[in-house]
Amino acid sequence: MKQGIFTIQSNENIALNVYKMVLTGDTGAITAPGQFVDIMLEGYFLRRPISVCDCVDGKLTLIYKVVGKGTEAMAGLEAEQKLDLLTGLGNGYDLTACRNHALLIGGGVGVPPLYMMARELREMGKEVSVILGFNKAKEIFYQKEFEALGAHTYVATADGSVGTKGFVTDVMNSVDIPYDYFYCCGPEPMLKAVYNASKTGGQFSFEERMGCGFGACMGCSCKTKYGNKRICKDGPVLTKEEIIW
Amino acid sequence: MKQGIFTIQSNENIALNVYKMVLTGDTGAITAPGQFVDIMLEGYFLRRPISVCDCVDGKLTLIYKVVGKGTEAMAGLEAEQKLDLLTGLGNGYDLTACRNHALLIGGGVGVPPLYMMARELREMGKEVSVILGFNKAKEIFYQKEFEALGAHTYVATADGSVGTKGFVTDVMNSVDIPYDYFYCCGPEPMLKAVYNASKTGGQFSFEERMGCGFGACMGCSCKTKYGNKRICKDGPVLTKEEIIW
Amino acid sequence: MVNANTKVCLSGLELDNPVIPASGTFGYGYEFAELYDINVLGTFSFKGTTREPRFGNPTPRIAECREGMINAVGLQNPGVEKVISEELPKLAKCFNKKVIANVSGFSIDEYMYTCERLDAQEQVGLIEVNISCPNVHGGGMSFGTQPEMAARVTKAVKSVTKKPVYIKLTPNVTDIASIAKACEEAGADGISLINTLMGMRIDLNRKKPVIANTMGGFSGPAIFPVALRCVWQVYNAVNIPVIGMGGVSCAEDVIEMMLAGATAVETGAINLVDPYASKKIVEDLPRVMEKYHITNLSDIIGGAHS
Amino acid sequence: MVNANTKVCLSGLELDNPVIPASGTFGYGYEFAELYDINVLGTFSFKGTTREPRFGNPTPRIAECREGMINAVGLQNPGVEKVISEELPKLAKCFNKKVIANVSGFSIDEYMYTCERLDAQEQVGLIEVNISCPNVHGGGMSFGTQPEMAARVTKAVKSVTKKPVYIKLTPNVTDIASIAKACEEAGADGISLINTLMGMRIDLNRKKPVIANTMGGFSGPAIFPVALRCVWQVYNAVNIPVIGMGGVSCAEDVIEMMLAGATAVETGAINLVDPYASKKIVEDLPRVMEKYHITNLSDIIGGAHS
Ligand SMILES: Cc1cc2nc3c(=O)[nH]c(=O)nc-3n(C[C@H](O)[C@H](O)[C@H](O)COP(=O)(O)OP(=O)(O)OC[C@H]3O[C@@H](n4cnc5c(N)ncnc54)[C@H](O)[C@@H]3O)c2cc1C
Ligand SMILES: Cc1cc2nc3c(=O)[nH]c(=O)nc-3n(C[C@H](O)[C@H](O)[C@H](O)COP(=O)(O)OP(=O)(O)OC[C@H]3O[C@@H](n4cnc5c(N)ncnc54)[C@H](O)[C@@H]3O)c2cc1C
Ligand SMILES: Cc1cc2nc3c(=O)[nH]c(=O)nc-3n(C[C@H](O)[C@H](O)[C@H](O)COP(=O)(O)O)c2cc1C
Ligand SMILES: Cc1cc2nc3c(=O)[nH]c(=O)nc-3n(C[C@H](O)[C@H](O)[C@H](O)COP(=O)(O)O)c2cc1C
Ligand code: FES
Ligand code: FES
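Chains as they are written, first to last, in our numbering: chain A, 1 to 245; chain B, 1001 to 1245; chain C, 2001 to 2306; chain D, 3001 to 3306.
The hints are simulated quantities; they were obtained by calculation from the structure and are not laboratory data. Heads up, a few of these hints could be off.
Okay, derived cross-link-like pairs now, DSSO-like style, lysine-lysine, Cα gap no bigger than 30 Å in a straight line [claimed, not checked]:
| id | chain 1 | residue 1 | chain 2 | residue 2 |
| --- | --- | --- | --- | --- |
| 1 | B | 1002 | C | 2207 |
| 2 | B | 1069 | D | 3279 |
| 3 | B | 1069 | C | 2291 |
| 4 | D | 3280 | B | 1065 |
| 5 | B | 1002 | B | 1165 |
| 6 | D | 3279 | A | 2 |
| 7 | D | 3207 | B | 1065 |
| 8 | D | 3097 | B | 1165 |
| 9 | A | 69 | C | 2291 |
| 10 | D | 3082 | A | 240 |
| 11 | D | 3291 | A | 229 |
| 12 | D | 3208 | B | 1020 |
| 13 | C | 2097 | B | 1002 |
| 14 | B | 1223 | B | 1199 |
| 15 | D | 3208 | C | 2181 |
| 16 | A | 229 | D | 3208 |
| 17 | A | 138 | D | 3207 |
| 18 | D | 3162 | D | 3007 |
| 19 | C | 2207 | B | 1069 |
| 20 | B | 1138 | B | 1192 |
| 21 | B | 1192 | A | 82 |
| 22 | D | 3097 | A | 2 |
Predicted model, so just to flag it, every value in this text is computed and none were measured.
The following block holds chain A by itself, in its conformation from the complex:
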């Protein structure tokens, strides 16, 4: 973990209520996809946790959805403005768990962390399939970016406007993807559906309301088969076998 002042390079609307922010600063503490940063916003007491979407050469990309006052304030920020970030938070995904072919499953703003993971898996020479779930066409983002990495990219929309009509699990059930391990991020009902639909081992990223984001307050605890864990420090990524729903 590191605390650092980052400078916003850009902050743009890329889908319905979804923004992409690129920052520069000391990204040295960020070591794995699935980790997150915790952002201090003027006028708000608690920091906002946002997953690392990508991190290369000191450039940090975040993708976030406006859901409340904090993210609304973030959407109003402009290039050159500074932000106080805690970086390198959380365990992140373990990419070595996949042998040859990884299936990445993301829903809504669960999609961003899968991008850095897909890139790194491709760099490791692995086959990558990605299933992206959204509600409707206007919410879709990053489909092309995944394709550009050479990932087999499937989209599901709840209203059927693009790709498979339905949920990510409808793609899992209808397309025969020869994955040997999967990685998943999204809202909890999706995680649970994927848990049930999956045929191999895998990892899930969880969300919880956080006090500190770095393991000090016990605000974000959950029970696992291997004991109590803090989503912020021992997670947010948990393995399939340890999860208690």
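Starting from the known structure of chain A, arrange chains B, C and D with the ligands on it as the hints suggest.
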């Protein structure tokens, strides 16, 4: 009273810890010298009351001393920034009470409101003498500005570095100024000393910690011979005869 | 937005909307009437009134806090007779709704006297009895800190009034619900809460308390979570309407208070720093109701319980 | 600045400075030791420890407030035996000062057991007994809301310990001074205050409480005026040292707390949003002392009284 958004034109350091801020905006509610404005500052709950130093052609001049966190924040503001002000607060001085020759007595940041008053009295064709009290040379401001209005200007410094050594009352006692009425603004001990040293009727401007600044909360009350008054609404200017020390 | 229904009803007193500037932060109304038509408000609660005129506490009476302020005004008011003969007629010129009469006292007799006088005024729609003052005949402990004392004031006041009587509670107690319950049992028509939290600040330059009286009442947005909790607890404990207040500063806060159990909501300290705050909240309510899919505001009262 | 003396002393426990991260906001220290040398602190109070391991409350346990937060962690901790066998040895590697052991319990027996075990640990310099938990053998009311109960816990704990025992009080009471006095009479070596204010928030989208457990403990800069008032009242009521806390977020707040009567000062929620906060406060103290003409920090304890 009016609420309005003002734009800072300039904000400069003019003496030790003393700043002059010029703003533009709707000054229509400002009707008399001695009135004040109440400034909202980001991150501070209560507004800060500052006297009108001058107000011409929609240009509002304020002079303030950095004494705490709010005024410190003000000192850091820059041209083009916006401020939310309540304007036209307080009764202000009654200039008609002076026949021919007004004596204006100010101490420290009690000096600013006397400037607009001196200007208006001069425009009304009256003789104006001004006694400005400061602690030391570095704190002096606006001496030339008063002289430029054609006011007989005397300075007293506590350390004797400029003008009369001592207090404004030392000037009152040593120089024979033929005033028929006086107007006074400064710290309370000075007001009281002037009260005792003065030979004519006069008016005093008081300070008090304020909740609202416009008469709603009863936070700033004082007792006078004519009943309870709110410094912010029935004051800040009280006449010599009504004051109870 | 067209369909947003903001009407609520307090023991028969129908309000166009639930927004009520709180006692002590809105004077007797006309300072604000200089700025806007105060008839847009649900109503307002006028400055705490006592039998005798009071100057209140020595100054300084005000201290700043993060997201709030402390006041130790000490119930400055011209006394009930002058309120009736001078303030209410002045108010009549700018306000055509029924006002809430906020009453304070230092003995049961005084409460009875003042309430009876105000009960006789046509302009008064509801009496809000502030029981946070120290009881001069009972050792100085505030009437509002013991259920028995709160009940005695309630019963006494109810015996001399016909208008709805709401008892205004202090949050500076171990168990606010038990005090609310005692008031309900004694005949209160409703409960108003919260009054200020006891707080203080010290001036680092003088190394002395900022407030001349040492302590004072802390209020403003900072106290909202405490106020909301108290409203929740009291709503659970009684079957009479609750007026919620404490730190309310925007339309979202009004809705949160109502979900916790408030039938109407008072706005306090925020009126002092933004004199248009209550008007803005009234105007903002329909938009925020739409955002949270609310058509009838009165439907959500207590909606977050179970 | 060269001459600034920040030393203070808590019942024989000498501290280089009065800055103490508060229980529950500093874990068992080593998350912060990753960031800086925590030996710069006066000391710190470790996470509230109970006899048995506890998972605590269901999540969500955290809600945001203006200038503060609500937590309903519910005393998650590994239990006193694991604290002794695992946490303290880990702490020894990064902290060479005596730590404050914060103890919670749901019965007098439990308090006694846990305190006795921790009293035997060399690393522990002082025991801070949190009596805000509900008393499972006494109807669920918190031990800290009645003077008699507070005194019973104090006496029981004192009978099994040799180290200084500070009783940590809840502010959610009508008369905190009487509870402090009862603890002093029962033998407490000092008083620690305040624990969190009871508060809550409602999620407007779900129209349900944010916190799974409905209510929680509200803390952070917003509560500072209440905490300062409590420290002032308790300092007036007792002759034993007071550790002040509640909303402290900068060196100025530390000085304000000490002027009100605190011998040392704990920093809570601020550590969670700025992990370097306590270190910054320690480093900033000499500058702020100079600004307010303070040479010996211990000289100002209670300085704003009379
Ligand atoms: C590990 C982690 C990674 C995340 N990554 C992303 C991401 O990459 N992109 C993205 O859009 N969102 C992400 N989120 C969710 C994001 O943190 C919330 O949407 C955001 O905090 C909402 O803030 P707000 O002020 O707009 O909402 P408000 O509801 O106004 O916030 C009030 C409080 O609740 C908290 N809160 C609200 N929703 C959530 C939530 N879903 N999870 C945790 N805390 C919440 C806020 O942080 C704040 O403390 C992530 C959450 C976690 C825990
Ligand atoms: C009618 C009136 C006119 C004034 N005109 C001027 C002026 O022209 N130039 C100038 O430099 N100062 C003036 N003052 C004083 C000025 O308001 C304070 O210096 C300023 O509010 C201090 O704010 P702060 O945040 O720096 O201090 P802090 O001490 O951090 O402020 C804390 C709180 O105390 C209040 N406060 C502190 N000192 C005073 C004070 N002396 N009077 C009233 N409230 C105070 C603040 O407004 C704030 O609410 C005037 C005061 C009044 C009442
Ligand atoms: C300056 C001031 C004066 C007050 N005077 C009274 C009063 O006379 N009677 C009363 O019942 N409450 C009084 N209150 C309390 C408010 O009505 C309200 O209960 C409290 O401030 C909480 O609301 P807020 O946080 O929105 O300010 C006063 C509050 C303030 C700030
Ligand atoms: C997340 C969290 C957990 C806490 N856990 C404990 C605890 O275990 N034992 C205890 O005595 N106090 C606990 N507290 C209370 C703090 O120690 C402190 O008394 C309170 O938060 C007020 O200080 P603050 O406003 O600086 O946060 C906790 C507070 C927070 C925010
Ligand atoms: S948020 Fe504090 S421990 Fe996870
Ligand atoms: S400051 Fe509110 S009445 Fe004067």
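Do the hints match the structure? See the list:
About 36 Å separates the Cα atoms of residue 1002/B and residue 2207/C, which puts this hinted pair outside 30 Å; it is violated. Distance check on the hinted pair: residue 1069/B and residue 3279/D sit about 22 Å apart at the alpha-carbon level, within 30 Å; holds. Restraint check for residue 1069/B and residue 2291/C: not satisfied, since their Cα atoms lie roughly 38 Å apart, outside the 30 Å limit. Proximity of residue 3280/D to residue 1065/B is assessed by CA-CA distance (about 28 Å); at most 30 Å being required, the pair is judged to hold.
Distance restraint check for residue 1002/B and residue 1165/B: the Cα-Cα separation of roughly 42 Å exceeds the 30 Å cut-off, and the hinted pair is therefore not satisfied. Between residue 3279/D and residue 2/A the alpha-carbon distance is near 15 Å, which keeps this suggested pair within the 30 Å criterion. Between residue 3207/D and residue 1065/B, the direct Cα distance comes to roughly 48 Å. Violation of the 30 Å bound is thereby established for this hinted pair. Straight-line distance between C-alpha atoms of residue 3097/D and residue 1165/B comes to about 56 Å, which puts the hinted pair past the 30 Å bound.
About 13 Å separates the Cα atoms of residue 69/A and residue 2291/C, which keeps this hinted pair within 30 Å; it holds. Of the pairs offered as hints, the one joining residue 3082/D and residue 240/A holds, with about 28 Å between alpha carbons and a cut-off of 30 Å not exceeded. Between residue 3291/D and residue 229/A, the direct Cα distance comes to roughly 45 Å. Violation of the 30 Å bound is thereby established for this hinted pair. Proximity of residue 3208/D to residue 1020/B is assessed by CA-CA distance (about 51 Å); at most 30 Å being required, the pair is judged violated.
Proposed proximity of residue 2097/C and residue 1002/B is supported: the alpha carbons are some 25 Å apart, at most 30 Å. Proximity of residue 1223/B to residue 1199/B is assessed by CA-CA distance (about 23 Å); at most 30 Å being required, the pair is judged to hold. Among the hinted pairs, residue 3208/D with residue 2181/C is consistent with the structure: their alpha-carbon atoms are about 24 Å apart, no more than 30 Å. Distance restraint check for residue 229/A and residue 3208/D: the Cα-Cα separation of roughly 26 Å lies within the 30 Å cut-off, and the hinted pair is therefore satisfied.
Restraint check: the Cα-Cα separation between residue 138/A and residue 3207/D comes to about 27 Å, which is no more than 30 Å; the hinted pair holds. Using a Cα cut-off of 30 Å, the hinted pair residue 3162/D and residue 3007/D holds, with the two alpha carbons roughly 23 Å apart. In summary, the hint linking residue 2207/C to residue 1069/B is supported, as the alpha carbons are separated by about 17 Å, within the 30 Å threshold. For the hint linking residue 1138/B to residue 1192/B, the alpha-carbon distance of about 25 Å falls within 30 Å, and the restraint holds.
Straight-line distance between C-alpha atoms of residue 1192/B and residue 82/A comes to about 50 Å, which puts the hinted pair past the 30 Å bound. Taking the CA atoms of residue 3097/D and residue 2/A, the gap is about 25 Å. The hint holds against a cut of 30 Å.
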